[in-house]
Amino acid sequence: MQNIEQNESSDLNPASSKLWEIDNLPNRITLFRICLVPIVIASLSLQLIQSYYLFPYHFTLGYVAATIFIIASITDFIDGYIARKRNIVTIFGSFLDPIADKLLVVSSLILLQALDRIPAIIVVILVLRELYITSLRLLATDHGLSVPVGSMGKWKTAVQMIAIPMLMAYDKPFNIPLPTIGISLIYLASIIALYSALEYSLGLLKKLRLHAIKRKLELKAGGTEKSGVKKEEGEEMGPPPPSKPDDNSTNNL
1 MQNIEQNESS DLNPASSKLW EIDNLPNRIT LFRICLVPIV IASLSLQLIQ SYYLFPYHFT
61 LGYVAATIFI IASITDFIDG YIARKRNIVT IFGSFLDPIA DKLLVVSSLI LLQALDRIPA
121 IIVVILVLRE LYITSLRLLA TDHGLSVPVG SMGKWKTAVQ MIAIPMLMAY DKPFNIPLPT
181 IGISLIYLAS IIALYSALEY SLGLLKKLRL HAIKRKLELK AGGTEKSGVK KEEGEEMGPP
241 PPSKPDDNST NNL
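Residue numbers (my numbering): 1 to 253.
The set of hints was computed from the structure by calculation and includes no laboratory data.
Each hint should be verified, as a subset may be incorrect.
What the hints assert, rightly or not - Quick list of simulated restraints, FRET-style, between CB atoms:
hint, residue 1, residue 2, range
1, TYR132, THR60, 29 to 39 Å
2, SER151, LYS102, 12 to 22 Å
3, LEU138, ILE22, 19 to 29 Å
4, LEU217, TRP155, 30 to 40 Å
5, LYS220, TYR187, 43 to 53 Å
6, PHE77, HIS211, 29 to 39 Å
7, ILE110, GLU218, 42 to 52 Å
8, ILE71, ASN175, 22 to 32 Å
Glycine is no exception: its CB is placed at the ideal position from the N, C-alpha and C atoms.
Please model the entire structure based on the sequences and the hints provided.
Given below as structure tokens:
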């Protein structure tokens with residue numbers, strides 16, 4: 001009964017229930033961003049097909065994909081800002097937001113490579129980096145740690161989010177060489193991605209070492225405390241009572 005009462009009280013606690021809330025504005029925006037991903041995929045896929053059959057609509061679809069991608073990127077900033085500003089960061093949102101980002105970015109990179117606008121090695125670097133960072137975060141969570149986003153990770157995201165829509169449009173509006181700028185930025189993003197992966201790794205390794213040292217000290221302190229308690233209990237009990245003389249020895253006398 002005590003466990004049931006504790007569970008019921010924790011469920012009624014506003015702070016704990018808020019962490020598990022699903023229906024709030026930031027989560028709705030994140031779900032909206034996920035709904036935009038199929039539109040980006042469809043636009044790039046049709047662009048891939050029409051580059052062979054319906055050439056006049058080739059660039060139009062590129063601009064559609066770029067516009068939707070930019071809108072999705074803006075919503076990524078908005079939902080995070082609202083969640084922090086209103087203090088409605090939830091477990092569901094923390095789980096869903098990176099999934100939405102990876103669906104958007106990874107699908108875009110793969111299709112841009114299919115359109116022969118990004119070298120395959122760049123796609124491999126960026127995609128593997130995302131998977132690697134995700135595995136590091138899971139490892140940190142298993143040890144009760146967190147891996148904050150570093151400055152280089154933020155720069156990588158910013159450069160990547162600028163480069164991808166440029167490569168989607170793949171045009172020269174007002175004589176602006178978007179393809180050249182886009183490919184230069186995506187190369188820069190891949191370099192920053194490798195550096196940020198190293199930054200994440202060293203940061204997590206340092207935290208794991210400190211966590212292991214702290215754990216050893218806690219176990220050592222716990223063992224010392226237990227031995228002290230046993231010693232005190234022994235002192236309170238006093239010396240053992242004197243042993244009774246052996247009957248056989250008395251008879252011998």
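- request: Output the numbers, in ascending order, of every earlier hint that fails for this structure.
  value: Violated hints: none at all, because every hint is consistent with the structure.
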